[in-house]
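In my numbering, the protein residues as written are 5 to 166.
Please keep in mind that the hints were generated in silico from the structure rather than gathered at the bench. Take the hints with a grain of salt, since some may be wrong.
[Unchecked claim] Derived DSS-like pairs: lysine-lysine, alpha-carbon spacing no greater than 30 Å straight-line:
1. Lys117 / Lys8
2. Lys113 / Lys43
3. Lys43 / Lys25
4. Lys33 / Lys113
5. Lys117 / Lys25
6. Lys25 / Lys8
7. Lys113 / Lys25
8. Lys33 / Lys117
9. Lys8 / Lys113
10. Lys43 / Lys8
11. Lys117 / Lys43
12. Lys33 / Lys43
Owing to the predicted nature of the structure, the values given are computational and were not obtained by experimental measurement.
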Amino acid sequence: MQPKVRNPDVHIQLPPLLQLKAISDRFTKLALSSSNAPKAPKLELSANMHGDLRLRIQTETIDISSSWSNLENPELDPNQLDVPLEEHPSTRFREEGPNRWATVRVDGKDWSKVLSVGRLEGRVIACFADGHALILYVYVPHYDEVMADESVVTYYVQSYSS
5 MQPKVRNPDV
15 HIQLPPLLQL
25 KAISDRFTKL
35 ALSSSNAPKA
45 PKLELSANMH
55 GDLRLRIQTE
65 TIDISSSWSN
75 LENPELDPNQ
85 LDVPLEEHPS
95 TRFREEGPNR
105 WATVRVDGKD
115 WSKVLSVGRL
125 EGRVIACFAD
135 GHALILYVYV
145 PHYDEVMADE
155 SVVTYYVQSY
165 SS
């Protein structure tokens, strides 16, 4: 059963997950070692509809980020939408330009577990519902069956409030 989530504001194909996981893990370890806070710091993931992705972590002593550009924002299939494409939130985000970002905040350790799916070597589409949730669609190829459709594994990650 899929959770009910509003239409995403941004959808973007992620860079290789093992690369993203290595950077995310490094950021989380740095933040944990530099923070006296009892709670684990949250990773901030942001994306826009112009192919940009940003990963950031901020504590009282550090503020580090890493960015990717020229990523794909896949086209939506109008037949799969419950609103016309021109009314979809991602269309508005695209029209507002590259400075319009959707952002979610996730627990670094939980995020690392999700990124472990990178060993499956499929492409991953991240759908950002700004400030609300991140939905990952992992398309797993069937190497032994050339004509078979890809399988899809879906992950839902709730965003923490600021």
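Results of checking the hints against the structure:
1. Restraint check: the Cα-Cα separation between Lys117 and Lys8 comes to about 23 Å, which is no more than 30 Å; the hinted pair holds.
2. Between Lys113 and Lys43 the alpha-carbon distance is near 12 Å, which keeps this suggested pair within the 30 Å criterion.
3. Restraint check: the Cα-Cα separation between Lys43 and Lys25 comes to about 21 Å, which is no more than 30 Å; the hinted pair holds.
4. Straight-line distance between C-alpha atoms of Lys33 and Lys113 comes to about 10 Å, which keeps the hinted pair within the 30 Å bound.
5. The hinted pair formed by Lys117 and Lys25 meets the criterion: a straight-line CA distance of about 9 Å does not exceed 30 Å.
6. The hinted pair formed by Lys25 and Lys8 meets the criterion: a straight-line CA distance of about 27 Å does not exceed 30 Å.
7. Note on Lys113 and Lys25: the hinted pairing holds, with a Cα-Cα distance of about 10 Å set against a maximum of 30 Å.
8. A distance of roughly 14 Å separates the Cα atoms of Lys33 and Lys117; the hinted pair therefore holds under the 30 Å criterion.
9. Straight-line distance between C-alpha atoms of Lys8 and Lys113 comes to about 24 Å, which keeps the hinted pair within the 30 Å bound.
10. Of the pairs offered as hints, the one joining Lys43 and Lys8 holds, with about 28 Å between alpha carbons and a cut-off of 30 Å not exceeded.
11. Simply put, Lys117 and Lys43 have alpha-carbon atoms about 18 Å apart, close enough for the 30 Å limit, and the pair holds.
12. Between Lys33 and Lys43 the alpha-carbon distance is near 13 Å, which keeps this suggested pair within the 30 Å criterion.
Going through the hint list in order, the structure satisfies each hint without exception.
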